[in-house]
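In the order they appear, the protein sequences are chains A and B. Quick note: the first sequence, position 161, residue 161 per this note's numbering, numbers continuous. Quick note: the second sequence, position 81, residue 81 per this note's numbering, numbers continuous.
Watch out, some of these pointers could steer you wrong.
Just the calculated beta-carbon pair ranges, DEER-fashion [unchecked claim]:
| hint | chain 1 | residue 1 | chain 2 | residue 2 | range |
| --- | --- | --- | --- | --- | --- |
| 1 | A | I151 | B | V105 | 15 to 25 Å |
| 2 | B | P121 | A | V113 | 21 to 31 Å |
| 3 | A | V126 | B | E132 | 56 to 66 Å |
| 4 | A | V109 | B | E93 | 29 to 39 Å |
| 5 | B | P121 | A | I176 | 26 to 36 Å |
| 6 | B | E93 | A | V126 | 36 to 46 Å |
| 7 | A | E115 | B | D79 | 51 to 61 Å |
| 8 | B | R109 | A | A29 | 25 to 35 Å |
| 9 | B | P53 | A | V55 | 16 to 26 Å |
| 10 | B | R109 | A | R74 | 42 to 52 Å |
| 11 | A | A29 | B | P53 | 25 to 35 Å |
Within a straight-line C-alpha distance of at most 25 Å, the following computed SDA-like cross-link-like pairs (lysine to any residue) qualify [stated by the list, open to error]:
| hint | chain 1 | residue 1 | chain 2 | residue 2 |
| --- | --- | --- | --- | --- |
| 12 | B | K83 | A | T35 |
| 13 | A | K187 | B | M106 |
| 14 | A | K168 | B | V60 |
| 15 | A | K164 | B | V105 |
| 16 | B | K56 | A | Q61 |
Read the hints as simulated data drawn from the structure, not as lab findings. Just so it is clear, CB atoms sit at the ideal spot from N, CA and C, and this is done for glycine as well.
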Amino acid sequence: MRLLSMLLLGVAVVLSGCASKVDYGDAQARETVTTDFGSTDLQMIAAKMVDDMLVFPPIVQMTQNRRPVLFVDRIKNKTTEHIDTESITDTIQSKLINSGKFRFVDMTVVDRVREQLDYQSESGLVDPSTAAQMGRQIGAEFMMYGNLSSIVKRDDSTKDVYYKFTLKLLNIQTGIIEWTNEKEIRKTRSKSLFGL
Amino acid sequence: MTIYRPLMALLVALLLAACSASNKAQIEVDEDGQPVTDVYSNNSLLGSRISIPDLKQKRVGDLLYVQATLENDWKFELDFQYKFKWFDADGFELAPESQPWQQVVMAGRSQNNVKGIAPNPSAVRFEIWVRE
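Isolated chain B (complex conformation) (with noise of 0.2 Å):
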């Protein structure tokens, strides 16, 4: 943990300093394969706009199958990018560069329902990341 924080502070430092605020929700299946769900968020301004109010997953065939619901908790309208990283159960990202930023504009004050499949069986946990 003490080798973390120092990684996790220098990670929101790069982010801000690059004005992409991120923002990142996970969810793990423990071995009983229950869903262990952590939302993670910084301290930028898109990530106070934003919350990860619900977060369901299922098996579709083999595939993990996600859907997370996006809050915008700020009044006015927000237009941001959101993309799924997927890894597999050793922790190694799955297919990195075929995970494109999606667009979406959320009225304020509003939810919407993002989804994600894993691109192969092999998923087992996965992180939201946005930026504007």
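Only chain A is shown next, with the shape it has when bound in the complex (with noise of 0.2 Å):
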């Protein structure tokens, strides 16, 4: 009887131990799951570099009477992992035109907008008082492009990553670098004998 109840028990536990259960988190709090790329990273970075565009001299006087222009060139990912460096220039981009400072023309889209504008020129279907014109768009004045590097180390016990993000501003009429800024993050994975 003793043996019986005992097995139940242990049953019991293990089918518990098997219950699945899907839950809301935070999307801002820490994640470190792994040593790969996550969305803390992610977070850190941008806030890093829209902190501090926003704060550079020049970029404050720049910005003082007028929102120049800027189109995201891309960013290109140097490490060994599969990154979404779109997602990353695309919060960039959010808090820089949430700012108030900045304004972005998409290139990703410049097909689409094209297509579109042909429709409403061409098809007749558009009352051409209201048809957006053609050659009206404003030009970008700053591209911004980076990239994303890391230095992978590990043994058996210990694996060290160490993240390097640049990202900058260039002026397109010019050549000149106005501003660049550079974010690292170090992670590290030990193993430990107990698993603790």
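Combine the two chains into a complex, taking the hints into account.
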């Protein structure tokens, strides 16, 4: 009888261990599941870049009375991981637009915008007085681009990952880099004897 | 005030229950543009170990730029997170989801300056929250 109750208890413990649960968490919470590039890294990079850019004196001066137009080129992913670098630049772009200091043109939708313009001007279906005019778009003054690189080192018990994100703002007309900054991130994973 | 007191007590209780100690500092600008500084902390363990001896602010262009000096009053290393919350003149929080928790590791009995820039020009007040 005692053996049976122990057995039942054991089964109950095993079954409860198999129960899965879905829950919502804080999207801003620190994520340290693995040393791979994660949401916390993305948020830290975007926050650092935007904060630094908005307080850089020549940028402050430049945005005092006007909102310069930028376009995002791309962030070269030089790490060995697959990282959606567009997601990083999207966050940076959102923060910069919401600061009220910059405006952006989006080069990823040029073809679709052209299609729409052609439709408005050539299809004959759109009232010409409301149709968007060709040749009225604003040219970008600055290009935003950068790199994401990593150095990974490991031995039997430790894995160390170092990320470096570099962002640059280049004046398209003069070729001058008006602003640049880096964010370094170090993540270490060490195995302990008892998995603690 | 009588309404706020139980609310604050509830907030403190919730924070303690969630084991995420919080410490809050805020700075306000009065009608003459002079900063009015208040530092609040609850009784939690982390709150008792961190103090904010200095708060500085200036306008960069028209954005509020803040530097807070955090002090670890404990003799051991503290590993915690902080975030800025920004509010407009009417008390509405600005871009609440775009302010990430930032990690900071402070050696025992050391000071560290953390900086924050308002997400847009309408920010006039901020709070710093910390948690483990």
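>> To test your reading of the hints: which numbers does this structure violate?
In response: Every hint satisfied by this model.
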